[in-house]
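Protein chains in written order, with the numbering used here: chain A, 1 to 348; chain B, 349 to 531.
Derived from the structure by calculation, the hints contain no laboratory data. Predicted model, so just to flag it, every value in this text is computed and none were measured. Glycine included, every Cβ here is placed at the ideal spot set by N, Cα and C. Among the hints, a few may not be true.
Only part of the chain B face toward chain A is listed, based on derived beta-carbon distances under 7 Å [said to hold, decoys possible]:
| # | residue |
| --- | --- |
| 1 | 385 |
| 2 | 386 |
| 3 | 388 |
| 4 | 389 |
| 5 | 418 |
| 6 | 419 |
| 7 | 420 |
| 8 | 450 |
| 9 | 459 |
| 10 | 476 |
| 11 | 479 |
| 12 | 481 |
| 13 | 502 |
| 14 | 504 |
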Amino acid sequence: MNQERIQKLEALLDRIRRNRSARPSRSGTAEPIALEALPATSGAAAAPHAPPMAKPATPVVPPVVPKPPPHVEAPAVSATPPGPPVSAPPVATPSWRPEPGSAVQARPTTVPPMELSEDDLIDVTTMPPGPEPDGAEAEPLVAISAEPEEEQPPASSRRSRGPATLDEVMANASPAESEREIPAQTPPPESGPQEALPATGLEAPRLPHVEDLEADLSGPPSMGPTAEQLGETIELEAPRGPELEIDITVSEEGPDVPAPAEELEVTLPRPSLQSGLYDVSLAAPPSIEVPEREVHVAVTVPAVASSSESPERLARPAVGATDVAEVRFGTRTAEKSFLELLDASLGL
Amino acid sequence: MGTPRFDPTHSLEFNLDRGSVKLSGSLERVLLPADALAALLRGADVETRRDFARRLGTEAGRRVAERLDAGASSEAVVEHLGGEVALMGLGSLGVERWGRALVVTVTGSPLRAEGDELLTGLVEGALQRAFGRNTAVVTLGRDDALVRLLVVSSDTAERVRGWLAEGTSFGDVLARLNGSAPS
């Protein structure tokens with residue numbers, strides 16, 4: 001597995017080197033900058049200036065510099081015409097072959113673009129005019145930017161770019177999902193194919209813990225409710241006191257036993273008594289035992305003056321309820337009939 | 349046996365199909381405007397008006413005699429005879445006793461003073477039909493709503509009319525009648 005992966009990476013590195021070596025030949029510039037620092041890993045990939053010559057070289061077309069939009073600074077591209085086409089020596093490099101499953105699909109160098117679009121120019125940055133080397137003629141320095149931090153942020157997403165070093169390739173090859181660069185914006189359709197990345201900001205679906213579920217299923221069959229389901233069980237104490245039994249035997253009393261006095265039988269008060277009084281002569285029913293108690297009540301008697309000084313008061317005895325008023329209807333005279341009245345009137 | 353109450357239930361029957369009105373199963377009646385009847389009475393002579401009034405009283409007395417006996421009380425007579433007069437729409441009937449004199453009162457007659465002669469003939473016919481007594485009814489006096497009709501004999505009625513023509517009040521007339529009458 002690792003051998004195959006290493007081979008893929010090496011092939012990828014070779015392609016990258018070929019691509020870098022092919023660009024200066026098209027543009028006519030002589031010094032690629034970043035490729036000088038690349039270490040040679042294999043003999044086949046050691047040829048730094050070996051452009052792919054699988055197909056006959058097409059005439060070099062001068063780069064068409066599109067007119068930049070007003071808000072974008074025009075790249076500092078010199079107007080020097082390109083030089084004559086340089087015929088590259090044939091190099092025995094393996095031809096490019098597609099690699100299935102490769103995340104980074106490089107453009108084949110055998111088919112150079114006829115026209116450069118803005119996307120192609122995005123990766124090309126113009127180095128600011130620095131100190132002129134050795135009084136040479138001012139030439140535009142067009143280099144392939146190896147550091148994305150120095151690039152101007154494009155309007156659209158960047159095109160996929162190959163790694164510069166093997167370490168970078170190895171770092172990119174590590175399957176770290178969280179370290180993938182996720183475009184902040186939706187890439188425009190002209191930006192080429194993009195790798196589908198997992199959506200960020202959304203919570204990934206949680207996977208069930210299969211092991212725990214299997215552990216639950218593998219348990220012994222339930223023989224009843226568990227202690228957690230039943231809760232706290234309280235054991236009741238044994239009953240106290242004597243045992244109660246239902247006596248279903250019917251006791252037959254003899255006919256000589258007198259029936260108990262009915263408690264609801266109450267002797268009506270005598271009409272001579274006032275309302276609210278009771279007859280003290282009435283005896284309590286035999287079913288009620290009235291204890292005889294001696295009541296001692298301490299009464300404070302005020303000092304009373306002599307009877308000669310205070311008047312003797314006599315209260316009127318209470319009068320019971322009686323019919324005080326008597327209505328007598330007057331005796332009606334003999335009712336005369338209408339005929340008698342009529343005869344009397346006729347006798348006038 | 350008590351006196352039956354006057355029950356006017358379904359006394360007046362309107363047959364809209366035939367366009368007829370009947371009172372207590374009697375002959376057909378005609379609903380007339382009161383002022384039209386008053387105008388008719390004004391145009392009729394005295395005997396015609398008297399005869400017309402007595403016919404109305406005789407019919408009422410007949411229905412009273414069907415329900416009351418000879419010993420009926422004054423209240424019963426007032427209830428039943430007054431009910432019949434009310435069904436005719438001639439006012440509310442009552443009875444007053446001034447000493448020995450018997451006075452019949454009618455309140456709320458739609459014919460007002462022009463209908464007093466009609467009422468006197470009606471009472472004479474009712475008493476004659478109900479109790480078999482020939483009476484003479486004299487108008488003692490009236491106010492806006494009430495008219496007093498004295499029930500006496502024919503001879504007494506002539507004297508009373510004389511007194512009333514002299515301007516004697518009905519109180520004095522009644523006093524004279526009671527004072528002159530042998531006790």
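message = Taking the earlier hints as the rules, which of them does this structure contradict?
response = 1, 2, 3, 4, 9, 10 and 13
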